[in-house]
Every structure is written in C-alpha cells, then in structure tokens.
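K.L.:
Given the coordinates of chain G, work out where chain A should sit on it, guided by the hints.
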Amino acid sequence: MQFKVFSLILLLSVAISSCGDKTGKGDLAIQFLATYDGAPLVMLQEYPYNDTLDILFQKFNFYISNLTLLEEGSEKEREVLEIDFVEFDAIDDVAKAALGFVVLMEDLPAHSYKGLNLGLGVPAGLNATQESDYPDSHPLGKASHYWSGWGSYIFTMINGKVDSDDDGQFDDSSVLYHTGSDDSYRTKEIAHQFRVEEGETTTIVLEVDLHKLFLDTDGVHYIDIIANPATHDITNKTITNLVMDNFQNALYVVE
Amino acid sequence: MWWNRKVFLLSFFLLGFFPSCTEDESPPLPGDLEHIAYDPQPFDLAIPEGFPPMEIPEDNPLTVEGVQLGRFLFYDPILSKDSSMSCSSCHLPQGSFTDNLALSAGVDGLTGDRSAMSLLNVGFYTNGLFWDGRSHSLEHQALQPVENPVELNVMWETVEARLRKHPDYPAMFRKAFGIEDSKEITRVLAGNAIAQFQRTLISSGTSKFDRKFLNKEIGIDFSEEEFRGFDLFFDNPDSPLPDGQCFHCHNAPLFTIDEYFNNGLQEAATLDDFPDLGRGAITGQKIDNGKMRAPTLRNIMLTAPYMHDGRFQTIEEVLDFYNEGLHYADNLDENLVIPLGLTPQMKADIIAFLHTLTDTAFVNNPQFSNPFEP
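Chain order of the listed sequences is G and A. Numbering that gives the first Met the number 0 puts the first sequence at residues 0 to 254. Numbering that gives the first Met the number 0 puts the second sequence at residues 0 to 373.
So that you can see chain G by itself, here it is in the shape it has in the complex (with noise of 0.2 Å):
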C-alpha cells in the first residue's frame, strides 16, 4: 500500500517536473554517416583499396569529445557533450548504413546557431584517466580502448583484413590503424546553420568517407598499408598523426 501511494506521488512529480523542465527546450541529434568513395560502409563487404589491393571493415570506431555549439549572434560556445563513442561495428547492410550513428543530446536551450565544434579522440584530461576508473558500461569503461603501453585511449579504431592475391580471401594482411596519445588528438570546427526548437529534435548530419583516412601525405595515393598494416609503434606517430589529419578532412557536415 504504502509503496503504491509512493510510486504515485513519484510519477505524479516525474510527470510534472519533466514537463515543467521541458519548456525553452529542445532535442539536437547528431546522426553520423560511414561511407568508403562515397558509398555507404558496411562491414565485411569487400572495397577496393588501390589498383591492386581489396579491403574488408570489421571495425571503425572514434571518440567524439568536448562538442560545443556556436551561438550565432554572439560568441558564446555551449559545451553539450563532453565525451562519446561512436561504433560503425555492428552495420552489416546498406539499410542500417543508411541510419548510421546517433549521438543525442537532450534538453538544450532553444536558440540558433551558427555552427558546433567538434574534438577528434579524447582530450588530455579525460586521457589521463584510464578505463578502469569508469564501469563497464560508460565510454571510457571500455577495456577494448585503453591501451597501457601507450598510456592512451586508442581515439580512432579502423581494422580490417586485406586480399593481395585476389583469391576472395582476406587473409593476406591486416591493417590496425589505432590512434591515440594526446599530440593525435584533433578538433574540427563545423560551419553549419540551425536551430534547436523547443519540443523538437534538430538532426545535424555528419558524415566521414573512412577512405579518406587513408589519404597519403600528397594527398593523392593511400598509404602502402602491406608495408604499414599497423601503427603500434608509439615511437613512430607519422601515420597515426596523419590519419587524424585526414579524419579532420574528412568529416563533413550534409547540408
């Protein structure tokens, strides 16, 4: 008795606060797009690579920090989100392609703005953490993202498996490109006009061509991935560096 009395009163205040709070707000959704050359990523499905090599996904994943957004009239930045994860993993068809990764945020205030900023990775703070600070469950609980030896969250994970010999096996090669360490971490700053109306979801669409990571540094070829199929070694950061450049490039907003 007692305790339908006090589930009635909880769900009388839940029904009321969350209504009262609502007013002056509204919903932004960040939904994130894989492509590969403009079509969408799917994971184990074979793309060519360069003349000769063909390249199949089972990981891209990234870290998305410190997201605020740019008042327009103003110069005042609201920071939304201080970190997240976004997994391409688990996208085995064109259709779940299509609907890629939301990221939400509720509640904000209801105002126009003229573009949002963007970190790339975990930022020196949080990256001075370790994944056995949070549970399991939360972004930075993810034992499969921290490596010790690097003393790092990995910010970018793309992996996959390479056919050298056209044989229709990928078993020739492996490409981990893992990024991390605070000197990898990026920002991008997007120019993009809209508005979060109260009661409303606003959906911004951001999407990132994976090939374009793999840009060499002329930015015509792709980087020979046989010779370089790793970038585990911390002592040598040209390519994880380089693929965080290329992530800055390659991530734009669909208008």
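Treat the hints as calculated values from the structure; they're not laboratory data. Owing to the predicted nature of the structure, the values given are computational and were not obtained by experimental measurement. All clues stand as given, with none of them false.
Here are the simulated lysine-lysine pairs, BS3-like style, with alpha carbons at most 27 Å apart:
1) G/Lys58 <-> A/Lys285
2) G/Lys24 <-> G/Lys187
3) G/Lys24 <-> G/Lys75
4) A/Lys285 <-> G/Lys95
5) G/Lys236 <-> G/Lys58
6) G/Lys211 <-> G/Lys58
Chain A regions said to be covered by chain G (calculated; three or more residues, Cβ under 8 Å):
7) 120–127
8) 233–242
Even for Gly, the Cβ is constructed at its ideal location relative to N, Cα and C.
P.N.:
Just chain A, lined up with the frame of chain G:
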C-alpha cells in the same frame, strides 16, 4: 502526445488504486513473517586496486542478508528437479566456479553443448552473459538454469512452493527483502539473491600479476619467462618480441574486454555454416555468426578444459591453436589473420605469464564456499 498518454495511464492507475483501497473491508491478516526484524545491512564489496567500479542495479542493492541468502540458494539442490544438483554442481569454487568438464550433464544426465563458465568477476560484465550474451543481467540469468532441461530441470512454481514451506528460507527472505509473508517468496527474489551473491565473486587482488602490476608491491619478482610472456601477451611496445595479440580481446584488468569475437575456433565454409552460431543466433546478424564472448583468463590454469565446447584439454593445446590452428572466415578477427609465429619458447613464456593470473585466495575464500558444509 506522450503527455496525454501519461495522463491516461495515471488516471487508469488512480482508478485502479482507490477502489481497491475502499472496497477492501476486512483488514488483511498479518503476514507470518512480520514478527521477524527486517534491518538489512549494506554489503561492502571489496574491489581490488586497479579494477573498475561495479554497476549494481538500483532495485537490487547488495545487502549482507541478500548475499547470504543467495549463497545458500546457490549451493542448495532444492533448486533442482530431484534435489540432486545445485548451481554449484557445475560451478565449483576449486575450478574458479567451473566444473572442469568439457560439457556438463544436468539432473537427467542430458548434456548441453556449451562448457560451464567461470563466475569469477561475473558482476563486472555489462555486455551480456553466457558465451553468446543472451542474458542481459545476473538477475535474469539466475532464473535460467532452474527450468533448463539440460540443467536443473524443474518448474519455478515447484521451487517457489518448496522455498515457502522450508523451515529456514522464509525468515531469510524476510531479512533480505522485507517480505511480510512466506507467500511472497518468488523466483524474482530468489534470482535477486543469487545475483547478489554472484556479484561478490571478485578477485582477491593477490595473484602474482595483481601484486606486481596493480598493487605495485615491492619485491614481487617476475621470472624472465614470465616477463617475456607479459611482453608477448600485451604487445609491449618497448619489447622486440612479436605481438601475441592476446590483450586485444583479453585485456587487463579483467583479462577480457567483454566483447564477442570469432577467434578462428570453428571451421565454416561460409558465415552460415558455423556449428554453433554463438552471438549470431542472438543478434540475428550474419557478421556475428560464430562469435563468442571472450572469457576471462584470470584463473585460467584452474579452468581446463577450454573454449565454449571444452575442446582443448590443456593450455598448451590452446597456444598451439592460436599459433597454427585457426580457421579462416570473413569475420575471423583481424588481429588473428597474420600467423602469430610463436616459437615453442614463446608459447611457454605466455603460459608462464598466464600462471601469474592464478588467484588461490579467491578459490579458497571461505565466504564463497558451500555454507551447508562445516
């Protein structure tokens, strides 16, 4: 719209509530347990240095009384058809809560097609339980073995009736959950108690590895072999040894990253042909076929035979498999595509390292032992 729905639900709730209040003329009889004090004490989990926090559901907080009840239920054959088996028949402390069998037989002698899993640190996992992750919580999981024909094979109604009539359990349920009458004993409460007990099954933090690397105790020496094994296991970037790849899926501190992989164990011509679809049968996604949850390697020297079907008798066979016995499939994990190229010495090094994960204080912890035995 949602608001309308809520109002509707609310009025429904109100309507349902008030009549039941007024029409109920005869005052309810006092429950048969109300005379017993209900004063549950919070249970302090001892989580070792370097371990993550454990997420505990708000509706099932750990109490001394709940854990105690769960421990009794875990060891009590009252949970089986013919009172011959309990959870502990397949999850024995000395095997780090496995039964050291490839496949275990249930009450009727029927065997399932999976090997019993270690329950060490099971409370830390949040990405699904069982080899295929089909259970989402310990509360849910604890209800499964009872009615499973290849396990305890008894209807929960029967178990509930037995517990309600039992000389001791009603008082224990009262102390743990505050029920007022033995009739309120349910499978849900039994499952909650068992889940509470299982959350206490945590590493002691005294394995050699933990003392050296997590507690950072002075004077714990790794042999050269153990150090080389460490470097191979974790792909230590400062070491010239090759990458053994193990840590990608079995990373510290839990020695599992709690995710699903095809580690090349099963032979399959296409993604549809795995003898055990594992994770794929649960998600319905072809890319998950043949994947299993990477199990913890803590106490691995105590849990032979190995793999979901117990196919390997020894840890040496496991290392031979990772080195030279993998089966290709499109979803074979990318970390295992290139042959590891481990020499016999390197395999022995990894095994020496795995020995440092043995936690005898855990298996001998008197708080985890059978409470029915003196």
